[in-house]
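S.K.: Here is how the chains run, residue by residue.
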Amino acid sequence: MSLNRLNCEKIKRKLSAYIDGEINIPKKDIISNHIEKCHICKGELSVLIKQNDLLREIKNIEPSLGFRTGLWEKIKEWERLKQENEEAIKKTRLKWLLPVSAFGVIAFFVIFAFTLLIPLAYGFSSVKKHEPIYFVVNAFSSLHQKNILAPINLINYCNNCCKALCKCYQSKTNKGCICGGCENEHKN
Amino acid sequence: MSIENQDVEIMIALKGGDATAFEKILKKYEKPIINYIYRFIGDRAEAEDITQEVFLRVYKSKDSYKPTAKFSTWLYKIATNLCIDYKRKINRDAIGYSGTELSNKLKDTTSSNPVESSLEREQLEEIIKISLSSLPENQRIALTLKVYENKSYQEISEILGCSVSAVESLIFRARQNLKEKLSFLKQ
Chain A
0 MSLNRLNCEK IKRKLSAYID GEINIPKKDI ISNHIEKCHI CKGELSVLIK
50 QNDLLREIKN IEPSLGFRTG LWEKIKEWER LKQENEEAIK KTRLKWLLPV
100 SAFGVIAFFV IFAFTLLIPL AYGFSSVKKH EPIYFVVNAF SSLHQKNILA
150 PINLINYCNN CCKALCKCYQ SKTNKGCICG GCENEHKN
Chain B
0 MSIENQDVEI MIALKGGDAT AFEKILKKYE KPIINYIYRF IGDRAEAEDI
50 TQEVFLRVYK SKDSYKPTAK FSTWLYKIAT NLCIDYKRKI NRDAIGYSGT
100 ELSNKLKDTT SSNPVESSLE REQLEEIIKI SLSSLPENQR IALTLKVYEN
150 KSYQEISEIL GCSVSAVESL IFRARQNLKE KLSFLKQ
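These protein sequences, in sequence, are chains A and B. Sequential numbering of the first sequence, starting at 0, is according to numbering that gives the first Met the number 0. Sequential numbering of the second sequence, starting at 0, is according to numbering that gives the first Met the number 0.
Hint data in this document are derived by calculation from the structure and do not stem from the laboratory. It should be emphasised that the depicted structure is a prediction, and the values quoted were computed from it without experimental measurement. Don't take every hint at face value.
Claimed, not checked - Just a few of them, taken from the derived set where beta-carbon distance is under 10 Å, the chain B residues facing chain A:
{"#": "1", "residue": "Thr-19"}
{"#": "2", "residue": "Ala-20"}
{"#": "3", "residue": "Leu-25"}
{"#": "4", "residue": "Pro-31"}
{"#": "5", "residue": "Asp-48"}
{"#": "6", "residue": "Leu-55"}
{"#": "7", "residue": "Phe-171"}
{"#": "8", "residue": "Arg-174"}
{"#": "9", "residue": "Leu-177"}
As the list claims (entries may be wrong) - Derived EDC-like pairs (lysine to aspartate or glutamate); straight-line CA-CA distance at most 20 Å:
{"#": "10", "chain 1": "B", "residue 1": "Lys-14", "chain 2": "A", "residue 2": "Glu-8"}
{"#": "11", "chain 1": "B", "residue 1": "Lys-61", "chain 2": "A", "residue 2": "Asp-52"}
{"#": "12", "chain 1": "B", "residue 1": "Lys-14", "chain 2": "A", "residue 2": "Glu-78"}
{"#": "13", "chain 1": "B", "residue 1": "Lys-86", "chain 2": "B", "residue 2": "Asp-48"}
{"#": "14", "chain 1": "B", "residue 1": "Lys-59", "chain 2": "A", "residue 2": "Glu-35"}
{"#": "15", "chain 1": "B", "residue 1": "Lys-59", "chain 2": "A", "residue 2": "Glu-86"}
{"#": "16", "chain 1": "B", "residue 1": "Lys-14", "chain 2": "A", "residue 2": "Glu-85"}
{"#": "17", "chain 1": "A", "residue 1": "Lys-73", "chain 2": "B", "residue 2": "Glu-121"}
{"#": "18", "chain 1": "B", "residue 1": "Lys-178", "chain 2": "A", "residue 2": "Glu-8"}
{"#": "19", "chain 1": "B", "residue 1": "Lys-14", "chain 2": "B", "residue 2": "Glu-52"}
{"#": "20", "chain 1": "B", "residue 1": "Lys-180", "chain 2": "A", "residue 2": "Asp-52"}
{"#": "21", "chain 1": "B", "residue 1": "Lys-61", "chain 2": "A", "residue 2": "Asp-28"}
{"#": "22", "chain 1": "B", "residue 1": "Lys-88", "chain 2": "B", "residue 2": "Glu-125"}
{"#": "23", "chain 1": "A", "residue 1": "Lys-75", "chain 2": "B", "residue 2": "Asp-17"}
{"#": "24", "chain 1": "A", "residue 1": "Lys-73", "chain 2": "B", "residue 2": "Asp-62"}
{"#": "25", "chain 1": "B", "residue 1": "Lys-23", "chain 2": "A", "residue 2": "Glu-61"}
{"#": "26", "chain 1": "A", "residue 1": "Lys-73", "chain 2": "B", "residue 2": "Glu-29"}
{"#": "27", "chain 1": "B", "residue 1": "Lys-59", "chain 2": "A", "residue 2": "Glu-78"}
{"#": "28", "chain 1": "A", "residue 1": "Lys-75", "chain 2": "B", "residue 2": "Glu-121"}
{"#": "29", "chain 1": "A", "residue 1": "Lys-58", "chain 2": "B", "residue 2": "Glu-8"}
{"#": "30", "chain 1": "B", "residue 1": "Lys-59", "chain 2": "A", "residue 2": "Asp-52"}
{"#": "31", "chain 1": "A", "residue 1": "Lys-73", "chain 2": "B", "residue 2": "Glu-124"}
{"#": "32", "chain 1": "A", "residue 1": "Lys-49", "chain 2": "B", "residue 2": "Asp-42"}
{"#": "33", "chain 1": "A", "residue 1": "Lys-41", "chain 2": "A", "residue 2": "Glu-8"}
{"#": "34", "chain 1": "A", "residue 1": "Lys-73", "chain 2": "B", "residue 2": "Glu-45"}
{"#": "35", "chain 1": "B", "residue 1": "Lys-27", "chain 2": "B", "residue 2": "Glu-121"}
{"#": "36", "chain 1": "A", "residue 1": "Lys-58", "chain 2": "B", "residue 2": "Glu-148"}
{"#": "37", "chain 1": "A", "residue 1": "Lys-81", "chain 2": "B", "residue 2": "Glu-52"}
{"#": "38", "chain 1": "B", "residue 1": "Lys-61", "chain 2": "A", "residue 2": "Glu-8"}
{"#": "39", "chain 1": "A", "residue 1": "Lys-75", "chain 2": "B", "residue 2": "Glu-179"}
{"#": "40", "chain 1": "A", "residue 1": "Lys-58", "chain 2": "B", "residue 2": "Glu-52"}
The beta carbon of each residue, even a glycine, is placed where N, CA and C say it ideally should be.
Kindly produce the complete structure, drawing on both the sequences and the hints.
M.R.: Take a look at the structure:
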C-alpha cells in the first residue's frame, strides 16, 4: 500500500524511523509532504524530536583512572592462567606419551610373535622353509588401512590366521580345506 | 581506508602480536562502550567492570578473530549480551517496576522541586534514566543504540539478532512508552 493512501495513524508509526533517517527517499518525501499539511502529525514529530533532545541530556561518563590498569591486570591474569593450562596439558601429554607408546610397541611385538609362533604350535613349520613369513604376511594382509585400530582388523586378523593355518594344513596333509573359508575363496 | 577496515587491520595486527594494537582499540571504543553499558546498567562501577569484561573477551578472541561482521557491531553485541546476562543475574531489571512504582519513583525525584522550566539538570537526567530503565529490555537496547550510539537499524538488527522491521517496531514502541512516561514534563 502506498503511503499516499495512509492515514495519520499510519504516518505516525513511520515518524520514529523518519527522524532516524531510516525511510527511503520516495517515502520520506510523502511523509514530509503530509507533515506540511497535517498539524497533528507535525505536532507528533515535534514531540519525538524534543524527546530525542531530552534523551541526549544524559551526560557521557569518562572511564575512571584505574579502568585500564584493572583491564590490563585481568588480561595478565588470563594470560598467566592460559600459560599454566598449556603447561599442564603439555605435562599430561608427556606423562602419557612414554607408557602409551611402550604399550603400543609391546602389543605389536606380542601379536607379531604370536603370529610367528602359532604355525609352530600346530606343527606346520617343517612343511616349507618360508612358512613362517608366508603365515605372517597372510595373517596381516587385507587389514583396514585407513584406521589400523578399527575392531574389524582384529576379526580380519583372526580370519586370515585361520585361513593361513588351513593352507598349511592342506599343504602338509594334501587334504582339503577344513576351515570353510578356503572353499569359499575357490568358489569366488 | 574505511573506519571499518582500520578496525579489522588493528585486529589483524593484534593477532600478529602487535601490543600497541589493543591500545588503539581501547582508545577508540572504551568511552562509547562504557557509556553504552552505563546507560543500560545505571551503575558506574558495574559498567566499568562489564566494559573490562568486553575488552577482555576481545583480547581473548584475538587469535580466533575472523572479520565476518563489522567490528563495532561485534563489539556492541558482546557488550549487549553481557549487559543482558548481568541484568538477569541480579534480577532487578527495571522492567519489574509496576506503573504505580514507576510514577512514585518519578514523583520522588521531582517532589523536592516541582517541575518547572528550570528543572535541575541532574534531576532531569535521573528522570530520563528511570524512564529508560523502565522500558522492556529489547526496546531499551534498540533505543539506546539508535539515540546514543547512532547505529543504523541494520546494525541494531545484527546486534539484537532480529529483523530490521522488528527494530523499527521496537524503537517506535520505546518512543511511545517514553512519551507516556515523560508526558508530565510538559506540564
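S.K.: State for each hint whether it applies.
M.R.: For each hint, the structure was consulted:
no.	hint	result
1	Thr-19	violated, 13 Å
2	Ala-20	violated, 13 Å
3	Leu-25	holds, 7 Å
4	Pro-31	holds, 9 Å
5	Asp-48	holds, 8 Å
6	Leu-55	holds, 5 Å
7	Phe-171	holds, 4 Å
8	Arg-174	holds, 5 Å
9	Leu-177	holds, 6 Å
10	Lys-14(B) <-> Glu-8(A)	violated, 52 Å
11	Lys-61(B) <-> Asp-52(A)	violated, 38 Å
12	Lys-14(B) <-> Glu-78(A)	holds, 14 Å
13	Lys-86(B) <-> Asp-48(B)	holds, 14 Å
14	Lys-59(B) <-> Glu-35(A)	violated, 53 Å
15	Lys-59(B) <-> Glu-86(A)	holds, 18 Å
16	Lys-14(B) <-> Glu-85(A)	holds, 19 Å
17	Lys-73(A) <-> Glu-121(B)	violated, 34 Å
18	Lys-178(B) <-> Glu-8(A)	holds, 16 Å
19	Lys-14(B) <-> Glu-52(B)	holds, 19 Å
20	Lys-180(B) <-> Asp-52(A)	holds, 16 Å
21	Lys-61(B) <-> Asp-28(A)	violated, 46 Å
22	Lys-88(B) <-> Glu-125(B)	violated, 24 Å
23	Lys-75(A) <-> Asp-17(B)	holds, 16 Å
24	Lys-73(A) <-> Asp-62(B)	holds, 18 Å
25	Lys-23(B) <-> Glu-61(A)	holds, 17 Å
26	Lys-73(A) <-> Glu-29(B)	holds, 16 Å
27	Lys-59(B) <-> Glu-78(A)	holds, 9 Å
28	Lys-75(A) <-> Glu-121(B)	violated, 38 Å
29	Lys-58(A) <-> Glu-8(B)	violated, 32 Å
30	Lys-59(B) <-> Asp-52(A)	violated, 38 Å
31	Lys-73(A) <-> Glu-124(B)	violated, 32 Å
32	Lys-49(A) <-> Asp-42(B)	violated, 26 Å
33	Lys-41(A) <-> Glu-8(A)	holds, 12 Å
34	Lys-73(A) <-> Glu-45(B)	holds, 15 Å
35	Lys-27(B) <-> Glu-121(B)	violated, 28 Å
36	Lys-58(A) <-> Glu-148(B)	holds, 13 Å
37	Lys-81(A) <-> Glu-52(B)	holds, 16 Å
38	Lys-61(B) <-> Glu-8(A)	violated, 49 Å
39	Lys-75(A) <-> Glu-179(B)	violated, 48 Å
40	Lys-58(A) <-> Glu-52(B)	violated, 23 Å
Checked against the numbered hints given earlier, the structure breaks hints 1, 2, 10, 11, 14, 17, 21, 22, 28, 29, 30, 31, 32, 35, 38, 39 and 40 and satisfies all the rest.
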